[in-house]
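Since the structure of chain F is provided, determine the placement of chain A on it from the hints.
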Amino acid sequence: MAATAGGNKIRNAKLVLLGDVGAGKSSLVLRFVKGQFVEFQESTIGAAFFSQTLAVNDETVKFEIWDTAGQERYHSLAPMYYRGAAAAIVVYDITNAASFTRAKKWVQELQAQGNSNTIVALAGNKADLLDTRQVSADEAKAYAQENGLFFMETSAKTATNVNDVFYEIAKKLLQGQQVQNPQGGMVLNQRPPERMVRGGGEECCRIL
Amino acid sequence: MFGIQTRDVAEDFNSWRRTLRNTPTVSMPMNNHNIMYNTGKSLFNVHLMSVKFEDLYGFMVEGNVDDVNVLNEVRERIREQGRVWWALEASKGANWYLQPKISSNEGVISVTSLKLSVLTNTITLRRLIRKGVPPVLRPKIWLSVSGAAKKRSTVPETYYDELIRATEGKTTPATRQIDHDLPRTFPCHPWLNSDKGQASLRRVLVGYSFRDSEVGYCQGLNYVAALLLLVMKTEEDAFWMLAVLLENVLVSDCYTDTLSGCHVEQRVFKDLLAKKCPRIAAHLEAMGFDVSLVATEWFLCLFSKSLPSETTLRVWDILFNEGANVLFRVALAIFKMREDDLLRIQHIGDVIDILQTTTHHLYDPDELLTFAFDKIGSMPTNTITKERKKQETVVLAELDQRTRRLSSLKMDG
Numbered sequence: 001m002a003a004t005a006g007g008n009k010i011r012n013a014k015l016v017l018l019g020d021v022g023a024g025k026s027s028l029v030l031r032f033v034k035g036q037f038v039e040f041q042e043s044t045i046g047a048a049f050f051s052q053t054l055a056v057n058d059e060t061v062k063f064e065i066w067d068t069a070g071q072e073r074y075h076s077l078a079p080m081y082y083r084g085a086a087a088a089i090v091v092y093d094i095t096n097a098a099s100f101t102r103a104k105k106w107v108q109e110l111q112a113q114g115n116s117n118t119i120v121a122l123a124g125n126k127a128d129l130l131d132t133r134q135v136s137a138d139e140a141k142a143y144a145q146e147n148g149l150f151f152m153e154t155s156a157k158t159a160t161n162v163n164d165v166f167y168e169i170a171k172k173l174l175q176g177q178q179v180q181n182p183q184g185g186m187v188l189n190q191r192p193p194e195r196m197v198r199g200g201g202e203e204c205c206r207i208l
Numbered sequence: 001m002f003g004i005q006t007r008d009v010a011e012d013f014n015s016w017r018r019t020l021r022n023t024p025t026v027s028m029p030m031n032n033h034n035i036m037y038n039t040g041k042s043l044f045n046v047h048l049m050s051v052k053f054e055d056l057y058g059f060m061v062e063g064n065v066d067d068v069n070v071l072n073e074v075r076e077r078i079r080e081q082g083r084v085w086w087a088l089e090a091s092k093g094a095n096w097y098l099q100p101k102i103s104s105n106e107g108v109i110s111v112t113s114l115k116l117s118v119l120t121n122t123i124t125l126r127r128l129i130r131k132g133v134p135p136v137l138r139p140k141i142w143l144s145v146s147g148a149a150k151k152r153s154t155v156p157e158t159y160y161d162e163l164i165r166a167t168e169g170k171t172t173p174a175t176r177q178i179d180h181d182l183p184r185t186f187p188c189h190p191w192l193n194s195d196k197g198q199a200s201l202r203r204v205l206v207g208y209s210f211r212d213s214e215v216g217y218c219q220g221l222n223y224v225a226a227l228l229l230l231v232m233k234t235e236e237d238a239f240w241m242l243a244v245l246l247e248n249v250l251v252s253d254c255y256t257d258t259l260s261g262c263h264v265e266q267r268v269f270k271d272l273l274a275k276k277c278p279r280i281a282a283h284l285e286a287m288g289f290d291v292s293l294v295a296t297e298w299f300l301c302l303f304s305k306s307l308p309s310e311t312t313l314r315v316w317d318i319l320f321n322e323g324a325n326v327l328f329r330v331a332l333a334i335f336k337m338r339e340d341d342l343l344r345i346q347h348i349g350d351v352i353d354i355l356q357t358t359t360h361h362l363y364d365p366d367e368l369l370t371f372a373f374d375k376i377g378s379m380p381t382n383t384i385t386k387e388r389k390k391q392e393t394v395v396l397a398e399l400d401q402r403t404r405r406l407s408s409l410k411m412d413g
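So the protein lines, in turn, are chains F and A.
Sequential numbering from 1 applies to the first sequence in full-length UniProt numbering.
Sequential numbering from 1 applies to the second sequence in full-length UniProt numbering.
Honestly, the hints are just simulated from the structure, not real lab data.
Glycine included, each C-beta is placed from N, C-alpha and C at the ideal position.
If we take Cβ atoms under 7 Å as the criterion, some of the chain A residues that face chain F in the derived model are:
| hint | residue |
| --- | --- |
| 1 | Arg184 |
| 2 | Asp257 |
| 3 | Ser292 |
| 4 | Glu297 |
| 5 | Gly349 |
| 6 | Leu409 |
Cut-off 20 Å, straight-line C-alpha distance, at most; resulting in silico cross-link-like pairs (DMTMM-like, lysine to aspartate or glutamate):
| hint | chain 1 | residue 1 | chain 2 | residue 2 |
| --- | --- | --- | --- | --- |
| 7 | A | Lys196 | F | Glu42 |
| 8 | F | Lys62 | A | Asp353 |
| 9 | F | Lys34 | A | Asp350 |
In isolation and in its complexed conformation, chain F is listed as follows (with noise of 0.2 Å):
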C-alpha cells in the first residue's frame, strides 16, 4: 500500500527473520528498531512483531518486521510468517557452523515456496566474536553470490552494519518498486528486468 504523507511516499514492506535459535535475530530487530543491546533477550516464541521507518532519499519505507523463533519445531509456522514477505533476512552464527548450515536450509525454503520477488539478505551475526569464528566470511559470500542473495556480517552488540542491512533493503525495495497489496501478497508495479544492484564491494544482490 503506498500512502504519501507530507509529499512522501511511504511504503509498507513485510520483512521476515529466519535463522537458527541463538544466532541473534532479536538482538538484530532490537539493535535496528530500539537502537540497543542486552546479552540476554528473552527467548521468542512464535514470532514478535516491531515496525519501524527508514527514509531513503525522498522515500519513506516502513518496515513490518517479523522476529520469528528458532527452534527447530517452530519450522512448521514460518510460512505464516514469510507468506506475502517483500523482504528476509536469514540470520546466523558466524561462530556456530551448524547455524549456517541451517541459514542456507532456510535460503532453499524461500527460494522454493516464498515469493519470488522477496528480497533475501543473509546475515552473519555476531562479527565482533573473531576469535571464535567458525564460518569464514569468503565461504557465506561465495554462498551469498550462488544464490543471489545480499550479504553482511552484523554485530548487534557493535551495530556493526545493522542499520545498513535494513537500509540496502530498503534502497533494493524501492528500486524494485514494489509494494505490498492489502492481502499480503506483492504486486510488481512497473516490474524491472532482472538485474544485479551494485555488484561490487562486500556486497551482491539480484532481486529473486
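For chain A alone, kept in the frame of chain F given last:
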C-alpha cells in the same frame, strides 16, 4: 549438587514474597532517574507516566500510575477473596476443596446425600475458583483439581529425586536448548535471574525432557515452568503440574516436533472467532491479518508472556480446574474487549499494537474474565471436541505434505 533443601525453593522466595504476605504498597521509584515520561501528546498526563514496580509475584514491570492503582485494588480483592475461602473452610471443614469426589468406602452417609454434597462442593469450588484462588492456597488447590496429586500418587515417592539423579551429567539436544534459554526466561524476575532460580528451573525442565522424550524441551515451556515454580514453591510440585498440564490438561502434541496440537488449537480458535466475533474476524481477514500471528504465543506460553502474572494465574486457576477451553474464552475476550478499536484500524501493525497494549495493561483479572465468561456466550465442550477432531485430520495431512515437499527439496539440492 542438590539436596531436598535446595530443591525447596520456598526459602529463596522470602526476599520477594513479602509483597504477597504483607501486601505492602507497590514500590514506586519517585526519583527522576526512574520516571520516564511518555513522549507525544500526553507528556504531562500523570496517569500515563511510566513507572517501574514489582507486581504480585515479584516481576519487575513497567507500567503507568493507573496500573499501579489497579494492582493495589486487585491486592485488596485477593484479601477479600481469601476471607471467603477461610469462611468456607470454617463451615465445611479444613481441606473440603481437596476431595470434591467422595471415595466409595465412606459407607456411613447415604448415597443420595453423598452425591448432593459432592455436587454442591463441585459447584461451589468452580464458582470460587473462577473468582480466584488466593495465592497461598494455589499449590494445594492446583495439585488437587488438576489431577497432579493423583498422578504423583501412582509412582514411588522417590520418583522425582531419582529422575533428577538420572539426568545428572547428561547432555542432550534438549538440555543444550534449556541451558541456552535459562538466562532468557523472565530476566525481569530477580529470583529467576539468580543462579538458584535458574538451577531450579533447569532441573524441572531437564527432568521433564527425560520423562517424555517426544516433547523433550520446547521453547515456551521455560516460561510456563518458571511461573509454575513461582506459584508451587517446590520443584517437585512444579514438575508434577507441568506433567499434568502436558499429559492431561492441554490437547496432545502441543509441544512435540511439529507442534501439531498447537496448529489444531489455532484453527479451532479461528473458527470460534468467526462465530463469536464475526465482525472482527471479517475485518482482520480483509486486512490479510492472520490471528495466529499473535495467538500462537498466547497458547504456547498459556498467556504467561503477555498478561501480567496475577491475571495469567487467574486464567490458570480455571485452566487446571475446568480444562483447556478457557484459553479460547480468554483469547476471544482480548479481541472482543477491543472490538470498536480493532474495527477502526487499517494496518497490521496497529492490530498488534492494540492487542499488545491491551494484554500488557490487563492488571485487573476480573475485567478480562468477566468478558471471557459473560460476553462470549456458550461454548459447549462437545462442539469444541468435534471441531478439534475435524481440524486434526486437516492439520496432520498438511504437515505431512509440507514435510514431504521440504525433504524432496533437500534431495534436489
